Amino acid sequence: MQPLIQPLKIEIQGDYWDSHIYKGRLYLLTMEGTIKVINWDELVGSYIEKYHIPSEFSYAFSDSTSLYKNENPISRITFRNQFDAYPRNIQISERVLNKHLLKENISPFNELPTDSEIYLDKLYTLQDEGLYSLDLMPNDDLTIKSNSMKRLWDCSLLSLRIRSGGRIALSAGSSGLYEFNIFNKAINYGEFNVVDNNRESKIIQLSKSHSLFPSWNHSSIFSSSDVKDSVLIAFKWINKQIGFYGLLEQKDIFANRSKGYLCWGSGDKLYSAADGGLTIVKYIQENIGGKSAFKELKFMPFQQWKGEIINAGVTSFGTIVECENALVILQSNNEVTNIKGPITKWRVFPRAVRYDNHLHVVKDDKLEIYSFNHDYYTKQANKHHGYLRQHNNYED
Amino acid sequence: MKYLVDYENNLGDGHYYTSVSQHRHRTNSEKSRWTVSIQEEIDCFIVSKSNAWNHPGNNKMIGWGIISHEGRFKILGENCEYNDLKIAKFFGINNKWHGFPADYRNNEADRPPMNILLKWVDKTKMRKIRGGQKCNL
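Protein chains in written order, with our numbering: chain A, 57 to 452; chain B, 1204 to 1340.
Just so you know, the hints here were simulated from the structure itself, not pulled from any lab data. On a predicted model such as this, the values are computed, not experimentally measured, just so you know.
If the Cβ cut is set under 10 angstroms, some of the chain B residues that face chain A in the computed set are: (1) N1309; (2) N1310; (3) A1312; (4) P1316; (5) K1328; (6) R1330; (7) R1333; (8) Q1336; (9) K1337.
A virtual CB, placed ideally from N, CA and C, is assigned to each residue, including glycine.
Pulled out of the complex, with its shape left as it was, chain B reads as follows:
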């Protein structure tokens, strides 16, 4: 299935996902950028949703995603300073979602909660991510 940018792509299960161009092009210097394909971005979201790696936030749902590859996390994006990012964050209101690569080192709100990190990594890495420290994912 071909997914479009800046379009509510129908995932067929009542959920819609928009790949936002602001998080795909370098035109906005303050936002993180996906470096994987739109297909991979949406696949990442689908995996996140199917595993219920999400929780309520302020007036929205917040989801978290990774792309696991041979036991390691694949690079899925970069921050404004071109540093690699490996965790995705998704926002959803009324089953309409979008997401971006999360920069937990520069934004403390981009740290996944403990209960989700428990499913992804060992406690040593959990501690580093929650503490905003460098971590080899």
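Okay, chain A solo, but in the shape it has when bound:
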């Protein structure tokens, strides 16, 4: 009998605000106002060596792509067969963590960022004064590179999500939703108000409706709100160029269900939370304006004890639902993982080639890094939870 592919966990002791993982480095924003840069591959490798763990364990935390590559099916089978030998929970003290410390920088930010993401070697942050970028490379001395910090826009913002290609979706609360087109790529925004248009970048207001957090559904943006109705800002490819199609309200998407108090999405999935449960809809962007672009997949009850849903997201390995009392991972293999609160911050890395199976959870006195590996063994076309992952040719 093959072992169940349960999530693996690395716990790092410490008082953190946020974490990122990028190109073999773990960035830890501490509550003391520093940024620790950790050699992540070295840290994972040290445990493999010390505890004689099978080397395939590194796929879980350092190289998730290797499991999806079709040219390496032996590793996928080996990884699964050896799963019982992998430690389920590794605990790392600050002393041990510091053995793999590349650099600890005084944070160049005046305050803890409201939100942040890494893209093309830059850390983009939301501060009280607006949107900033900071160079992370070529070395790890971020204090020296504080001169590289640029304010890109002086708007008060709540959340950001970056899409490959340099498009940043920015939620600005009552001011709506904006797109920051980093490279001023040719996108047809139609009649939308261009807030700022310089030679290098462009800022466009795409929705005036309240926006709490954004997500990318292919080239479209889903603007989630629990104050007003959520909105899908639909784009589609026309004549080899991406162009704005229209604004679709949640009632247009979840037509047959009672009104959700929070909706969200990513990739090919959209979700609506209403009293009693979740409605899951598949989004087919190329059908926008033609055949139905929305197909209801399922309605599922949601346990009341977990409290109201206050935040959510979608990854390849499942749907993450932050409730008042717990963080719930509705996995793509239909199993459920519950992580008890209180939870300061959780983060996933859908654009990260090597870490898209990671879930980082900041708690009061530690960072928990989860590795979810079940999705490699899940038929993609049948998934209700989690977006369709391209290039996974696994057949059971």
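Chain B: place on chain A using the hints.
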């Protein structure tokens, strides 16, 4: 001391505070409303000032306040939709101040800055408030 509405009440330390009637009556449907007494409103401001829970803004000083009660934040006002509010925001020009209940969920400018939230709540609540999310204060 009896404080008056729409009057520059002298606080005795060079600062003046006006309790604005627009933030006390339901006549203005677009403004938040204090639900505590004028005394409590001004006491909230005095606590804010004495703790230096303030910072410069555009051509004015901005202050932030709470009314702490048995380890929790007391409800001090309501928004236009009668939802409870627990954080106050104050504006001051030349030591003349006024304030109103802040609605951080509907107005991103009503979110206290990180350095002040650090003094009030744990980091989990800080994150929620700065992110505009629901938070049980």
